[in-house]
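Engineer: Sequence:
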Amino acid sequence: MTFTVQDVPALSTFRIAGVSLVAGSSGRRRRIRCSVVAPVPGDAGPLLGGELLLLQNPLSRSVEGEIAQVVAQWDDVGLAGVAIPVGPGRDRLPLACLAEAEKRRLPLLALPNNAAVIELAREVDRAVLADQQARLNRMQRIGTAFTDLTVCGCGTRPMDILDRLAALVNRPLVLFDEFGRAVETRRPAELDDHVFREHDHACAAMAEPGKAEASTADPDRHCLWLPLSLRGVPHGSLHLLATDRPFDEVDMMALDRAVAALATTLLLRQRDQRLSLQAQRNLVADLVSGRRANEREFARRARELGANLAGRQLAAVVVVPMTSAEGVTEPPEWPAIVDCLTAAAGNHGGTALCGGTAETTVALFGVGDRERLALVAEDALNRLHRQHGLGAAVATCLADFPVLPHAFDAATRLAHYGAQRAPGVYPVEQFRLELLFERLNSSAELYHFVRDEIGPLLEHDTRGGQPLLPTLRAYIANRCSKTVTAQRLRIVRRTLYRRLVEIEKILGRDLDDGHAVMRISLALWAWDLISAR
Numbered sequence: 001m002t003f004t005v006q007d008v009p010a011l012s013t014f015r016i017a018g019v020s021l022v023a024g025s026s027g028r029r030r031r032i033r034c035s036v037v038a039p040v041p042g043d044a045g046p047l048l049g050g051e052l053l054l055l056q057n058p059l060s061r062s063v064e065g066e067i068a069q070v071v072a073q074w075d076d077v078g079l080a081g082v083a084i085p086v087g088p089g090r091d092r093l094p095l096a097c098l099a100e101a102e103k104r105r106l107p108l109l110a111l112p113n114n115a116a117v118i119e120l121a122r123e124v125d126r127a128v129l130a131d132q133q134a135r136l137n138r139m140q141r142i143g144t145a146f147t148d149l150t151v152c153g154c155g156t157r158p159m160d161i162l163d164r165l166a167a168l169v170n171r172p173l174v175l176f177d178e179f180g181r182a183v184e185t186r187r188p189a190e191l192d193d194h195v196f197r198e199h200d201h202a203c204a205a206m207a208e209p210g211k212a213e214a215s216t217a218d219p220d221r222h223c224l225w226l227p228l229s230l231r232g233v234p235h236g237s238l239h240l241l242a243t244d245r246p247f248d249e250v251d252m253m254a255l256d257r258a259v260a261a262l263a264t265t266l267l268l269r270q271r272d273q274r275l276s277l278q279a280q281r282n283l284v285a286d287l288v289s290g291r292r293a294n295e296r297e298f299a300r301r302a303r304e305l306g307a308n309l310a311g312r313q314l315a316a317v318v319v320v321p322m323t324s325a326e327g328v329t330e331p332p333e334w335p336a337i338v339d340c341l342t343a344a345a346g347n348h349g350g351t352a353l354c355g356g357t358a359e360t361t362v363a364l365f366g367v368g369d370r371e372r373l374a375l376v377a378e379d380a381l382n383r384l385h386r387q388h389g390l391g392a393a394v395a396t397c398l399a400d401f402p403v404l405p406h407a408f409d410a411a412t413r414l415a416h417y418g419a420q421r422a423p424g425v426y427p428v429e430q431f432r433l434e435l436l437f438e439r440l441n442s443s444a445e446l447y448h449f450v451r452d453e454i455g456p457l458l459e460h461d462t463r464g465g466q467p468l469l470p471t472l473r474a475y476i477a478n479r480c481s482k483t484v485t486a487q488r489l490r491i492v493r494r495t496l497y498r499r500l501v502e503i504e505k506i507l508g509r510d511l512d513d514g515h516a517v518m519r520i521s522l523a524l525w526a527w528d529l530i531s532a533r
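Residue numbers (this note's numbering): 1 to 533.
Just so you know, the hints here were simulated from the structure itself, not pulled from any lab data. Accuracy of the hints is not assured; some may be wrong.
[To be verified] Cross-link-like lysine to any residue pairs, in silico, SDA-like; alpha carbons within 25 Å at most: (1) K482 / D510; (2) K103 / R31; (3) K103 / N57; (4) K103 / D76; (5) K505 / G465; (6) K103 / A167; (7) K103 / S26; (8) K103 / T264; (9) K482 / Y447; (10) K482 / A444; (11) K103 / N114; (12) K505 / L524; (13) K103 / L21; (14) K103 / M159; (15) K103 / N170; (16) K103 / L129; (17) K482 / V501; (18) K505 / A516; (19) K103 / I118; (20) K482 / P470.
Given the sequences, and given the hints that come with them, work out the whole structure.
Structural biologist: Given below as structure tokens:
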């Protein structure tokens, strides 16, 4: 606890003598460095600031006439306070002296005429020495405490550092993130909630970074704070909030050590996270390529990386980001996509191992069942859009361990297929036919199939006249029901019959033949795929 002017009247010798603070009470938190005894103001010798000046004699009449200048000199030197005998036949110090001291916030102590000034000064010096020893002990404890926390490295949580700091300085503290939002708070147990709420976080955020010299010179500052940076990149700030005790160099030292310990811990965590992500990426790459054939060994490595796959269904998941409506043209960094996938899996009781790149992120999910996989994929899609303004194609495929490489291959092709169309979740089980056509799309076979099945109809619609392809699509989409098709097209059945007869003539196919209708339906799907190139 810093020894200040407000503590002087409570010292036993001062209390017995009846010493009281009579002016400048707003400056009572000035810290006392030592005591100086002088017979009269002019005999005090050189003053450096921080002294408690104790006068042995009352102010003379000549001094009273220049009291404003004398008090101004005391304040300009930086005295912590002045103790002056009242004088015989008086019950208080001169009014001019009190007024000037109050104006300058310089604490004045009224001494009784019979006060033993030398003994009073000795007790002040004893209190100052005790305060200095207590501060040295606190500094040693702080240095030891934060050295131990730093040596623990990754075993230390940032919250442990905040708890230790709050206990050492016995002050409220606030940790702000890089956006100025309060993310963690601590307060001493003896402080009531309303005391903590009185501190204005906005005021704390606007304060200048604290220094020990500034804090002792300005005991009324609202907070003491330092920025938290990792390799020159701002990550927030740590603030100590003011209480009824002024800040001192011990508070500043504790704050500095806490910020250093936080930065070291976060840097070590970042390094471990990078190594863990790289290990995940390598493990998933081995699985995708088929180099991880031992399921038990793979499960052990996954568990070491924090993904417990035991008792869960495995699913290959591939994410391909795409340009969103908000105009995002580049995907976020790969770790950001990994965070979305991992959070989505954990939110639904699952786990995830991630690999690949930002352009094509591959992940192995461990989930409860097929329905849970759909929820996880939808959650990941929503997180990508909400946090990064990004749409994506998320392809999923449940599979047993031995066939996971094939599942990843199918999911990758489907995700790229979906990224050319619309954001969404694409279960491989529902898009097998599209995957088959996508594989055939790179060869001429698919085009020849389309030409043989519906080529004449495409040529008919190209030449002009009544387009018949929409009618054929509606007829097949409505399961070859003439009644429903006519209703959907909003035409009479006679018109529909005439069009269907014309389609049969052009294609040379019987639309009542189920096999022929199946080939035409496949050809329409294939034509859509070719047209989307």
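Engineer: Look at each hint and say if it fits the structure.
Structural biologist: Cross-check of the supplied hints:
no., hint, result
1, K482 / D510, "14 Å, holds"
2, K103 / R31, "19 Å, holds"
3, K103 / N57, "24 Å, holds"
4, K103 / D76, "13 Å, holds"
5, K505 / G465, "16 Å, holds"
6, K103 / A167, "37 Å, violated"
7, K103 / S26, "10 Å, holds"
8, K103 / T264, "47 Å, violated"
9, K482 / Y447, "29 Å, violated"
10, K482 / A444, "34 Å, violated"
11, K103 / N114, "29 Å, violated"
12, K505 / L524, "18 Å, holds"
13, K103 / L21, "15 Å, holds"
14, K103 / M159, "45 Å, violated"
15, K103 / N170, "32 Å, violated"
16, K103 / L129, "31 Å, violated"
17, K482 / V501, "12 Å, holds"
18, K505 / A516, "14 Å, holds"
19, K103 / I118, "29 Å, violated"
20, K482 / P470, "14 Å, holds"
The structure fails hints 6, 8, 9, 10, 11, 14, 15, 16, 19 (numbered hints given earlier, in ascending order).
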